[in-house]
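Chains S and A, in that order, give the protein sequences.
By our numbering, the letter at position 91 of the first sequence is numbered 91, and the numbering carries on one by one without gaps.
By our numbering, the letter at position 21 of the second sequence is numbered 21, and the numbering carries on one by one without gaps.
Rather than coming from a laboratory, the hints here were simulated on the basis of the structure.
Everything numeric in this text was worked out from a predicted model, so none of it was measured.
Where a beta carbon is used, it is the ideal one built from N, C-alpha and C, also for glycine.
There may be inaccurate statements among the hints.
Distance windows between CB atoms, simulated [claimed, not checked]:
#1 K40/A / K50/S: 22 to 32 Å
#2 E191/A / K185/S: 33 to 43 Å
#3 E160/S / E191/A: 31 to 41 Å
#4 R166/A / K6/S: 40 to 50 Å
#5 D90/A / D117/S: 45 to 55 Å
#6 A47/S / V187/A: 43 to 53 Å
Protein chains: 2
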Amino acid sequence: MELLEKRILKDGTFKDGGILKVDSFLNHQMDIELINELGKEFARRFAGKKITKILTVEASGIGIACIAAQYFHVPVIFAKKAQSKNLDGDIYTSSVMSFTHGQEYIIRVSKKFLESDDCVLIIDDFLANGKALIGLMDIIEQASANLVGCGICIEKGFQEGGAYIRSLGVDLQSLAIIDMDENGKMVFRKENE
Amino acid sequence: MELLEKRILKDGTFKDGGILKVDSFLNHQMDIELINELGKEFARRFAGKKITKILTVEASGIGIACIAAQYFHVPVIFAKKAQSKNLDGDIYTSSVMSFTHGQEYIIRVSKKFLESDDCVLIIDDFLANGKALIGLMDIIEQASANLVGCGICIEKGFQEGGAYIRSLGVDLQSLAIIDMDENGKMVFRKENE
Numbered sequence: 001m002e003l004l005e006k007r008i009l010k011d012g013t014f015k016d017g018g019i020l021k022v023d024s025f026l027n028h029q030m031d032i033e034l035i036n037e038l039g040k041e042f043a044r045r046f047a048g049k050k051i052t053k054i055l056t057v058e059a060s061g062i063g064i065a066c067i068a069a070q071y072f073h074v075p076v077i078f079a080k081k082a083q084s085k086n087l088d089g090d091i092y093t094s095s096v097m098s099f100t101h102g103q104e105y106i107i108r109v110s111k112k113f114l115e116s117d118d119c120v121l122i123i124d125d126f127l128a129n130g131k132a133l134i135g136l137m138d139i140i141e142q143a144s145a146n147l148v149g150c151g152i153c154i155e156k157g158f159q160e161g162g163a164y165i166r167s168l169g170v171d172l173q174s175l176a177i178i179d180m181d182e183n184g185k186m187v188f189r190k191e192n193e
Numbered sequence: 001m002e003l004l005e006k007r008i009l010k011d012g013t014f015k016d017g018g019i020l021k022v023d024s025f026l027n028h029q030m031d032i033e034l035i036n037e038l039g040k041e042f043a044r045r046f047a048g049k050k051i052t053k054i055l056t057v058e059a060s061g062i063g064i065a066c067i068a069a070q071y072f073h074v075p076v077i078f079a080k081k082a083q084s085k086n087l088d089g090d091i092y093t094s095s096v097m098s099f100t101h102g103q104e105y106i107i108r109v110s111k112k113f114l115e116s117d118d119c120v121l122i123i124d125d126f127l128a129n130g131k132a133l134i135g136l137m138d139i140i141e142q143a144s145a146n147l148v149g150c151g152i153c154i155e156k157g158f159q160e161g162g163a164y165i166r167s168l169g170v171d172l173q174s175l176a177i178i179d180m181d182e183n184g185k186m187v188f189r190k191e192n193e
């Protein structure tokens, strides 16, 4: 998606270790007008699919999922990372290894919000090693619900998550995919490449 | 706000220890159409005020802040709770004691996103003992930015946070305020009470 790619080039910064910082517009400070356009693009890419719930994981996926949900007219569920007094009763859990934080964590979704007839679209800001997506997909499977697809803002194509998830036959739509060329420079993958 | 009060009565559950669960529509599963109405109401209540940024704290404030920000046409900044590889450089920090989680945590905002000429509206889902709000206000003060006010979805009027923050002269707008009557039953405070 050209709008997002241009914004990454303008305001993103690349750091050693394959880290891309987009904290000025996506995941610390959020440019709501940009995110609105990303939401519209997810709606365009998943148009015609039956979707009853959007699932994301706290924290930085929540805003994007909520803005996008306005175009799907469905509720958002965000998987929780912290154990909380507010989260009790029957819950689905899955274990996720975080690349960004360098530690494992548990994600949790109350069973009452996912039914076997739900058609779930996962939305998140980043896809790198794919562990968060796999955890969310695991929860959808535990609920015997239907996974419609995954909408990702920025995929790091030079990490293994995207290829693995596509190999499962999942409809994974990433609005910008960043590859690394032979000189270690980050480049955008062309659509349909 | 009648729409929110009716929804709390319909779908909220009250538990011992003053805990109100609204996880079916506000802070685990999110009813985006309802939250859109809450966003509009915040816009109405802070109409005419100069606002340049909305500040919230992860996780459950983010979606509400993002939806509301569409009516203010300003970016959202969410304070982070977790130490992250993605958050480096100069940061403002403040320590917050959590009622819900029963532990202290640090909130962080990159200094580059808050300037002294910023006019900041804080938005969050809940106000109970007020510690999260006070932490966010502390960060705004550290940045020498201007606090415009606080927009809260649900205030627990029977806890001390709201009275304390109003005593500081802060324009605190809570869309539903829950008090406890002499029988320990939760009741809504009338507006302008």
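Hint by hint, here is what the structure shows:
1. Roughly 29 Å separates the CB atoms of K40/A and K50/S, a value that falls within the hinted 22 to 32 Å.
2. Distance hint check for E191/A and K185/S: the Cβ-Cβ separation is about 58 Å, which falls outside the suggested range of 33 to 43 Å.
3. Roughly 54 Å separates the CB atoms of E160/S and E191/A, a value that falls outside the hinted 31 to 41 Å.
4. Evaluation of the 40 to 50 Å hint for R166/A and K6/S yields a pass: the beta carbon distance comes to about 45 Å.
5. Roughly 49 Å separates the CB atoms of D90/A and D117/S, a value that falls within the hinted 45 to 55 Å.
6. Against the hinted window of 43 to 53 Å, the Cβ-Cβ separation of A47/S and V187/A comes to about 46 Å, which satisfies the hint.
When each numbered hint is compared with the structure, violations occur for hints 2 and 3.
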